[in-house]
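**Q** Listed here are the chains, written in short residue letters.
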Amino acid sequence: MEKSAFLEATVFSQWRLNLQALLLTFLLGFVCLLVLTPLIWTLLNSFLVSKPWEPAVYGLHGWRVAFSSPGIQAAVYNSFSLAIVRQAIALVAGVFLAWLLARTDMPMKRWLEFMFWFSFFIPALPVTLGWILALDPKTGVVNTWLKSLSLIDGPLFNIYSFWGIVWAHLTAGSLGVKVMFLTPAFRNLDAVFEEASRVAGAGTMTTLWRIIFPVMLPSIMATTTLGLIRSLETFEIELILGVPVGIDVYSTKIHDMIALDPASGLGPAAALSTFFLVLLLLLVLCQRILIARRMYATVTGRFSSRPTSLGRWRYPAFVLVMLVVLTITVVPLGFLLMGTFMSVFGFMNIPQPWTLEHWREVLRDPIFFRSVLNTLRVAFGAALGGVIIYPLIAYFIVKSRFSGKAVLDFVSWLPWAVPGILLGVGLLWTFLNTPGLNALYGTVYLMIIAIVIKSMPVGVQLTKSVMIQLGNELEEASSTCGASWMQTYRRILFPLLSPMLLVAGLLVFNSAARDISTVVLLGTADSKTLSLLMLEWAMGTGAIEKATVIGVIVVLIVALTSIVARRLETKAAIKS
Amino acid sequence: MFTASLSFLSAWILACAVTGLVLAAETPKANWNAEWDKVVAAAKKEGRVVVAESGGAGAETRRLYVDGFQKQFPEIRVDLTVSGGEGSIAPRILTERKAGRFEWDVLTGGTTTPIEYLLPAGVLDPIRPALMLPEVTDPSKWFGGQIDFADKAGNYVLVFGGYVKPPFAFNSKLVSKKDIDSYWDLLEPRWKGKTVLHDPRRPGSGLAAVTFWYGWGEKGKEFIRRYLTEQDVKLTGNYRQQLEWLARGDYVIGIGHNNSVMQELLSKGLPLAQFTADDIKEANYVTAAIASVSLVNRAPRPNAARVFINWLLTKETLSAWSKVTGFWTRRMDVSHDHLDQGLIPKIGKMSSYQLNYKEEWVEKREEIGKFLNRLIKQ
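First to last, the sequence lines map onto chains X and L. According to our numbering, the first sequence is numbered sequentially starting from 820. According to our numbering, the second sequence is numbered sequentially starting from 2.
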């Protein structure tokens, strides 16, 4: 009888192992197909010297053009300096703000945290336009107002500058995303660490620096690396604020190469991207070395999350955070909304500066409603797909003992290695040449897959950062009680991960609602989303005011989704 | 009696001849009508037509293409995709075709995309056989008594409009027309750092302007070299931004500006104005703007494509098109009273204009691009 039970247990265990192995193999194959194919395509194209309609000829011409094009060194320097400066500011501020929101007794924390989420979800393009309206050196409302008060002679602020770009980025998501990622991780931190530090006589700031910061290092490293990579790839803000004053960055150069020569520019653009891919590998390697040999389980069976008392600093801290929140949400949104009612965006000294015409035109256009429906289909589809796939990938990377997990970990980073426009072309090529996926061409399903791929680094890294904090004892206890791996995953891990998964899902939703470059080649007139409509209206003959109306509507959609997701998250949070 | 019989016979022969002539004249009409009905019926079965617009058409033009067509043919839906600029739709079409996907029926927009990218790749079909409506095929309806084509073969890239390019846009508060009467005036020190050119390295109006100068030969090359290297010229790839900079006074003269954007901003009261070709000593050039149409080969909906192309070239559609774009059309029966007369090519001056939307000029753009890359360091 005992022997039979032992055999049964062994067979069951093997089956469970095989299920995991099968799932891992499938995931690895699926992720590699979707992620590596466009990248291999990019690498191959970096050596392609013939035009698309000529027989393929390979050589180093693309690489030579890429690295000898005028201004490329300055562009690479600008990319790094802008990225490092804004990441440094966002990191310091983000850690402090996340700690205040997650670990202290500051009032209205949940609402303030929600506003940081919200700041991240405002699309970058309209936010930038809002700041132009406020801080343009000649016509900016703030500069004009300060001048009218005789406080200044010339413009005090210039949004078209290095610091203008840094500012626009910080308010358009760099700070918000840090707080979004770090706050749930801080919240999952066991208060035992802080209590032990306090018992040992350390003050609040010493505890933050000496205890909490090192324990939070995986999450901090993950968000910093993600932020840095993301910063190097950003495009719209630099294009609008930097290019007019000669501040080119790597991504605007790539855009230029393709725009200036659609037939032959792909080679040099792909060569520059491959160079960037190598830099990414180095960044990922650094992150892995830094966190490889440490234990970071902070949520265990004895988990406690008692907040730190701020004492007399409670309300000053609240005012400070509130000011930050208003600056990154209400101010740009106010200007953005104002812009939608302007006859010509940014021009107040014309005969009739205000109008409702842009709203009327947008709302009576049938294409607008089709685009809203498409946006919702793509966004919900991608969010759902991401929430299912990302935690599975993260689980296998963090918890499994399979040798393929390192590859999976590495591959999951790669979609950010290539700028959106090139990834879009690569995905187009992949989808067209992959049996099965080929049939989906021209539908919203391909756009959903593209968004899931593009958002993979953030989705997987986010989930990983929480997964690392979960001790194995929870799983072991579940297993001891006879639960299968799937039951443990569904009943124990998934609820613990759910706050972060909601963030990830929302992030994917947001990407789908505002992504342009990745899906621009996959969208057809039938599957056009609001972001593509916004692009269409903003480009060419430039109906920028109508594009701004779309921007406001996208903000409203993501705000609504954020509120719903927030409510769900509150119910599912660890503390409950 | 004999004379009477002869008269009767003559009258009868004359009557027969007249009837024959009338019938002969009637038969093709009857033929095209039957043929047209057949094509329309087949197009209705196809249900939609997929159109790529490569020139960045404005919202009103897009509305005309989609709603205007569907008003007349409610059973045929127009799926219009407007690409990010000249050339940018080409890689997509070529990639799709390499994978055996044929998605597009009609291409409209500028002439660079079809001539520089699609014609060499064998993507286009002759468009002449697709022209069916008598008001479209009748050469007398068209400027110069013929339907115009941008390609050398005269069969693929049909040009239905355009305009004589106004040489400069300017800030009307800071510059007067008296300040300039020749392109060479741009080389004066007072304009250093004051002019903004639409980036001529990308397809568009800036490239058209530089192509025009390049057409002057060595003198033109010298002008381009001096202008780009000595005058601290600002380049932008964004038409709207270019004119906003002028209106704000960041720069005072704009070259290679977009006429539609200009008209829109002018109507809102921005301090802008433009020189017409008559204000400048040198001759000027005619551009096709976004007024070309081509038939994509192996189109999945060939009948709907034919219906769309014929509909586009009718008097009614091009009248509406001219009003929404602010461009001249090559149809002689379309009224152009709403346009600045300086934009309309004069038939007697055609030999003096450079027609730089034509293949012989478009194919020079690679050479011009190399020349520009040596000069532009931005």
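Calculated directly from the structure, the hints in this document are not laboratory data. Beta carbons are placed, not taken as given, at the ideal position from N, Cα and C, and that holds for glycine. Hints may contain errors.
As the list claims (entries may be wrong) - A few chain L residues facing chain X, derived, Cβ under 7 angstroms:
(1) 42
(2) 45
(3) 74
(4) 80
(5) 83
(6) 95
(7) 96
(8) 121
(9) 127
(10) 203
(11) 216
(12) 249
(13) 269
**Q** All hints, please: hold or fail.
**A** Evaluated hints:
1. 42: Hint violated; residue 42 of chain L Cβ to chain X Cβ min 24 angstroms, cut 7 angstroms.
2. 45: violated (19 angstroms)
3. 74: At about 16 angstroms, which exceeds the 7 angstroms cut-off, the nearest Cβ of chain X leaves the hint on residue 74 of chain L violated.
4. 80: holds (4 angstroms)
5. 83: It holds, given that the least Cβ distance between residue 83 of chain L and chain X is near 5 angstroms, below 7 angstroms.
6. 95: OK, holds: residue 95 of chain L within 7 angstroms of chain X, min 4 angstroms.
7. 96: Status holds, d = 6 angstroms.
8. 121: With Cβ-Cβ at 6 angstroms, under 7 angstroms, it holds.
9. 127: violated (18 angstroms)
10. 203: At about 5 angstroms, which falls below the 7 angstroms cut-off, the nearest Cβ of chain X leaves the hint on residue 203 of chain L intact, so it holds.
11. 216: violated (21 angstroms)
12. 249: holds (6 angstroms)
13. 269: holds (5 angstroms)
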